[in-house]
Amino acid sequence: MVRVKNRYLVVNFLYPSTTPPSTSTSSFKDLPSLLQLHQPTPDTFHAGLLLRAIRDGVTELFGDYGMGMVSSSLKVNYHSPATSTSIIRCPQAHYQMVWAALTYMTALPRPIGTPVVVKVVRVSGTIKMAELEVIRRAKDIILRAKMEQRGGGGGIKGMGAGMGMVGHIMKTVEKRREEVLVRVEEAEEESESE
Amino acid sequence: MFYDLNVPWTDNTRELQRTVAFLDELGYDVVALTHTFTGRLPADLTSPVPRPLPFPTPSRLRILRRCNIFLTDAATNHRIPQLQQHYDIIAARPTDERTLQQACASLDIDLISLDLTQRFEKYFKFPMLGTAIARGVKIELCYSQGLLTGDATAKRNLISNATQLIRVSRGRGLIFSSEARSVMAVRAPSDVINLASVWGLGHERGKDGLTKEARSVVEFARLKRESFRGVVDVVYGGEKPVPDVVDKNKRAPKKGTPVSQSGEGKPMSNRQKKRNKKMDEDADKNTV
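If you're matching them up, the sequences are chains A and B in order.
Per full-length UniProt numbering, residue 1 is the first one in the first sequence, and the count goes up by one each step.
Per full-length UniProt numbering, residue 1 is the first one in the second sequence, and the count goes up by one each step.
Hints are computed from structural coordinates only; laboratory data are not their basis.
Ideal placement from N, C-alpha and C gives every residue a C-beta, glycine not left out.
Treat the hints with caution; some may be incorrect.
[What the hints assert, rightly or not] Below, a sample of chain A positions facing chain B; criterion: calculated Cβ distance under 8 Å:
id, residue
1, Pro16
2, Ser17
3, Leu37
4, Lys75
5, Tyr78
6, Gln96
7, Trp99
8, Ala100
9, Thr103
10, Pro115
11, Val117
12, Val120
13, Leu181
14, Val182
[Claimed, not checked] When the alpha-carbon atoms are kept at most 25 Å apart in a straight line, the in silico DMTMM-like pairs for lysine to aspartate or glutamate are as follows:
id, chain 1, residue 1, chain 2, residue 2
15, A, Lys5, A, Glu133
16, A, Lys5, B, Glu204
17, B, Lys155, B, Glu239
18, A, Lys146, B, Asp24
19, A, Lys139, B, Glu25
20, A, Lys139, B, Asp24
Please construct the entire structure, taking both the sequences and the accompanying hints into account.
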């Protein structure tokens with residue numbers, strides 16, 4: 001059966017500069033750097049604003065042609081300010097335009113204006129795989145934050161744990177190395193539900 | 001292994017530390033801190049980048065030192081060999097047609113880094129860039145100015161120059177680096193590769209620009225400095241395992257970066273096992 005083919009971009013919003021969010025507290029400085037980087041997006045940045053930001057970006061980079069190509073199926077399927085994660089749907093043939101527009105984004109749109117770095121984490125052919133990826137990422141980041149905290153607390157205890165601990169860390173590092181590159185699915189997965 | 005070979009060195013250590021930490025978080029493995037010489041070379045060429053750095057760096061990350069020299073007149077060029085003692089990578093930034101020609105054809109440098117936000121009067125030509133690439137001198141594209149400036153013409157120039165360089169060099173010998181003056185201008189490797197593919201380089205070549213080509217720059221530069229006439233080098237080839245090694249971590253760190261890490265040796269074949277067993281048995285008989 002012929003159907004409209006889409007790509008789903010899983011996107012992370014990262015905040016590497018330390019300008020604290022509107023609710024600036026003294027405890028903010030004490031957060032681990034990992035959490036500072038992955039801090040929640042302001043609630044005022046909702047899905048509609050994200051969509052408009054992408055539209056503006058595509059128009060700026062690719063003009064009316066790009067906008068026409070992309071807009072047929074551009075949609076924000078999932079947007080979670082708490083984890084700074086979104087899933088964006090776009091046409092299969094032109095997902096690179098949307099990706100480039102996201103790369104060129106340097107700040108959240110006008111009323112908020114926080115500097116941001118947008119990172120595409122996964123390009124998927126079905127929304128199911130994109131969702132699974134979001135869940136996996138969220139679990140992973142919690143684990144890493146916990147490990148970092150533990151590493152800061154008792155360094156000597158970690159040393160005593162021996163080869164098992166070292167092996168575990170090595171494995172995590174190896175796993176991270178695999179994840180640096182975004183997996184782009186070329187083969188379309190069959191899904192009957194769509 | 002992902003390389004970002006151009007992060008400008010500043011005295012603002014907090015900003016730099018943040019940039020380096022963010023690069024590590026994004027998955028880069030090697031970062032080069034750049035010091036730029038403007039105008040004539042000073043008498044004292046030692047690098048202002050202290051070693052070790054004044055802030056803690058992630059252990060996974062390798063930090064290199066690099067210098068940029070502006071090529072304006074031929075007078076300063078004879079001091080490039082002196083620079084090699086102080087820096088890991090030497091990059092040249094030609095300002096006009098003649099110096100670009102010189103940099104491509106004869107200068108003893110590792111990288112050619114062009115200011116892509118400018119408009120060049122002449123087209124680049126393949127014979128010129130081809131000689132550079134054949135010599136192992138790569139050409140660098142810095143993407144950050146296009147991201148951060150509000151100046152539309154700079155952005156346009158960057159895209160037009162980048163696509164032109166990709167066309168002229170036929171996709172060979174190009175390197176992508178950030179030249180990020182602040183944290184916000186750094187992008188993840190995949191995003192850069194996508195940008196390259198939008199500019200017409202293709203995914204594979206784009207990936208090479210962050211990994212293979214960049215590695216070859218680093219390794220060529222190292223070989224130039226440490227090996228015998230850039231031809232013969234002694235590398236650490238491992239050592240015979242001592243049966244009761246207590247501390248494996250004390251082994252000397254390896255120089256350079258391995259292309260791939262080989263695992264354990266092949267498992268013994270069944271035939272070999274049989275043969276060994278037989279030999280043992282024979283030896284036992286003889287002793288008895």
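Okay, the hints, checked on the actual structure:
| no. | hint | in the structure |
| --- | --- | --- |
| 1 | Pro16 | holds, 4 Å |
| 2 | Ser17 | holds, 5 Å |
| 3 | Leu37 | holds, 6 Å |
| 4 | Lys75 | violated, 20 Å |
| 5 | Tyr78 | violated, 20 Å |
| 6 | Gln96 | holds, 5 Å |
| 7 | Trp99 | holds, 5 Å |
| 8 | Ala100 | holds, 5 Å |
| 9 | Thr103 | holds, 5 Å |
| 10 | Pro115 | holds, 5 Å |
| 11 | Val117 | holds, 6 Å |
| 12 | Val120 | holds, 6 Å |
| 13 | Leu181 | holds, 6 Å |
| 14 | Val182 | holds, 4 Å |
| 15 | Lys5/A with Glu133/A | holds, 20 Å |
| 16 | Lys5/A with Glu204/B | holds, 24 Å |
| 17 | Lys155/B with Glu239/B | violated, 53 Å |
| 18 | Lys146/A with Asp24/B | holds, 18 Å |
| 19 | Lys139/A with Glu25/B | holds, 17 Å |
| 20 | Lys139/A with Asp24/B | holds, 20 Å |
Violation of the numbered hints given earlier is confined to hints 4, 5 and 17; the remaining hints are satisfied by the structure.
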